[in-house]
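> Sequence:
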Amino acid sequence: MFEKVKADDLFFARVAVFLAFMIPFFVCYELWFSNRTFPLVPVFDNLFVPSFAGDIFLILLFSFFFVVFVFFPNWKIGLPIILIYVYWVLIDQNRIQNFFFEIILMVIALTQFKNNVVLSKKCILIILIGTYFWSGLHKLNPIFLGRWELGLSKRIPFVPDVLRHVFTYLVPFLETSFGVLLIFTKTRKLGIWLLALMHSLILVTLIMSNYGFVVFPLNVFNVFIMFYLFYKNPFNKESLFKINYAKTKVVMAIAIVFPVLNFFGIYDHILAFSYFSGKPKYARIYFSKSDSIKQLPTNIYDSVREYNGLYYLDFNEWAGKTIKILVYPEERVYKKLQNHINSFLEVPDTRLELYQVAGG
12 MFEKVKADDL FFARVAVFLA FMIPFFVCYE LWFSNRTFPL VPVFDNLFVP SFAGDIFLIL
72 LFSFFFVVFV FFPNWKIGLP IILIYVYWVL IDQNRIQNFF FEIILMVIAL TQFKNNVVLS
132 KKCILIILIG TYFWSGLHKL NPIFLGRWEL GLSKRIPFVP DVLRHVFTYL VPFLETSFGV
192 LLIFTKTRKL GIWLLALMHS LILVTLIMSN YGFVVFPLNV FNVFIMFYLF YKNPFNKESL
252 FKINYAKTKV VMAIAIVFPV LNFFGIYDHI LAFSYFSGKP KYARIYFSKS DSIKQLPTNI
312 YDSVREYNGL YYLDFNEWAG KTIKILVYPE ERVYKKLQNH INSFLEVPDT RLELYQVAGG
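To convert, take the position in the sequence shown, counting from 1, and add 11; that gives our numbering.
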């Protein structure tokens, strides 16, 4: 067994993928149960929703396949992992979080259809390039730039205004350029070091803020996988973007092509790698009558807030208390949650309000 592991170039990559998914998976364990206080938000109505016993069965089955996948990464093991996750997403869109979405893409990349290790590495690198290129490009918007500059003015007020302003506008270009650096063999090591520095700063910020620990594993995973697979094992740009297998086409489409559609409003933010960009809109609902909130179940009522005589429910605060994640940031999700709230009211009187927060 030891000799087999030693000869497997991707074994520890699969271990890292397993840990990066399963750690937040169990931190947010309530997310995966159907009978919970925070409602499911299905993609389509009338989908089959499992019972508690069914949820337990799926969780155990998913975990079993994932463990086996670490040792036997063939399509008969990898495909069930992907299909179970897709089913979970179909019955609840809030399960599409960046730290799950990216890792499932890595499972696709690592699944061996023809025992082609080079192909798997190529697909992983394409995913990383797409992640950083689009994540940086999405940050080039007024919401992110305004909030970032405000944050710098509070954290480093001693730095001249002009320097803080210049650095603010450089941030989107820097992250995008880090993704570009990964493309070329001569610049890839520099890109890896710069991205490692970026992720280190993210982790330090999260620690200082005492918030967002669920994204720790993904940050550590990305740095590990870049050094482990690509620091001393380069691809040239010609072979990297040569689309000669079905798996390459799928990964290229998801990581490079489809995100373009987000700029036209026809593709979801998280699926387009719009991470911490301020572009996704979040939501809260307001109640026109104070008596309405008394009709709500206790688990919802406890999350209602009052400001200047107005009562409101912030979906992210509610989700954070119950399923330990942010709500999937799409308006169709908010409308379904609003309908769920209205179902408890004798006279539905809620008003949906969208807002934007950089870093959200």
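For the record, the hints were derived by calculation from the structure and aren't laboratory data.
Glycine included, each C-beta is placed from N, C-alpha and C at the ideal position.
Incorrect hints may appear among the rest.
[As the list claims (entries may be wrong)] Computed cross-link-like contacts, DSSO-like style, restricted to lysine-lysine with a CA-CA straight-line distance of at most 27 Å:
id : residue 1 : residue 2
1  : Lys-165   : Lys-197
2  : Lys-260   : Lys-305
3  : Lys-253   : Lys-87
4  : Lys-87    : Lys-346
5  : Lys-292   : Lys-347
6  : Lys-300   : Lys-260
7  : Lys-292   : Lys-200
8  : Lys-292   : Lys-346
[What the hints assert, rightly or not] Each pair of labels, with its calculated beta carbon distance range:
id : residue 1 : residue 2 : range
9  : Gly-320   : Gly-276   : 33 to 39 Å
10 : Ile-167   : Ala-264   : 21 to 27 Å
11 : Ile-277   : Pro-53    : 48 to 54 Å
12 : Val-177   : Phe-68    : 34 to 40 Å
13 : Lys-243   : Ile-93    : 48 to 54 Å
14 : Asn-255   : Ile-277   : 27 to 33 Å
15 : Lys-243   : Leu-365   : 42 to 48 Å
16 : Thr-309   : Leu-201   : 34 to 40 Å
17 : Phe-169   : Leu-58    : 22 to 28 Å
18 : Tyr-312   : Gly-276   : 32 to 38 Å
> It remains to establish, for every hint, whether it holds in the given structure.
Now the hints, each set against the structure:
1. Lys-165 x Lys-197: Since the Cα atoms of Lys-165 and Lys-197 sit roughly 38 Å apart, the hinted pair is violated (cutoff 27 Å).
2. Lys-260 x Lys-305: This hinted pair is violated, its Cα atoms lying about 53 Å apart.
3. Lys-253 x Lys-87: holds, 26 Å
4. Lys-87 x Lys-346: Answer violated: Lys-87 to Lys-346 is near 38 Å, above 27 Å.
5. Lys-292 x Lys-347: The given pair, whose Cα atoms are some 15 Å apart, holds under the 27 Å limit.
6. Lys-300 x Lys-260: At roughly 53 Å apart (the allowed maximum being 27 Å), Lys-260 and Lys-300 break the hint.
7. Lys-292 x Lys-200: violated, 36 Å
8. Lys-292 x Lys-346: holds, 13 Å
9. Gly-320 x Gly-276: 33 to 39 Å: 35 Å Cβ-Cβ, so the 33 to 39 Å window holds.
10. Ile-167 x Ala-264: 21 to 27 Å: Violated: the Cβ-Cβ distance is about 41 Å, outside 21 to 27 Å.
11. Ile-277 x Pro-53: 48 to 54 Å: violated, 20 Å
12. Val-177 x Phe-68: 34 to 40 Å: Between Val-177 and Phe-68, where Cβ atoms are some 55 Å apart, the hint is violated.
13. Lys-243 x Ile-93: 48 to 54 Å: Violated, at about 30 Å.
14. Asn-255 x Ile-277: 27 to 33 Å: Cβ of Asn-255 to Cβ of Ile-277: about 29 Å, so the range 27 to 33 Å holds.
15. Lys-243 x Leu-365: 42 to 48 Å: For Leu-365 against Lys-243, whose Cβ atoms are near 47 Å apart, the range 42 to 48 Å holds.
16. Thr-309 x Leu-201: 34 to 40 Å: violated, 55 Å
17. Phe-169 x Leu-58: 22 to 28 Å: violated, 55 Å
18. Tyr-312 x Gly-276: 32 to 38 Å: Check passed, 35 Å falls within 32 to 38 Å.
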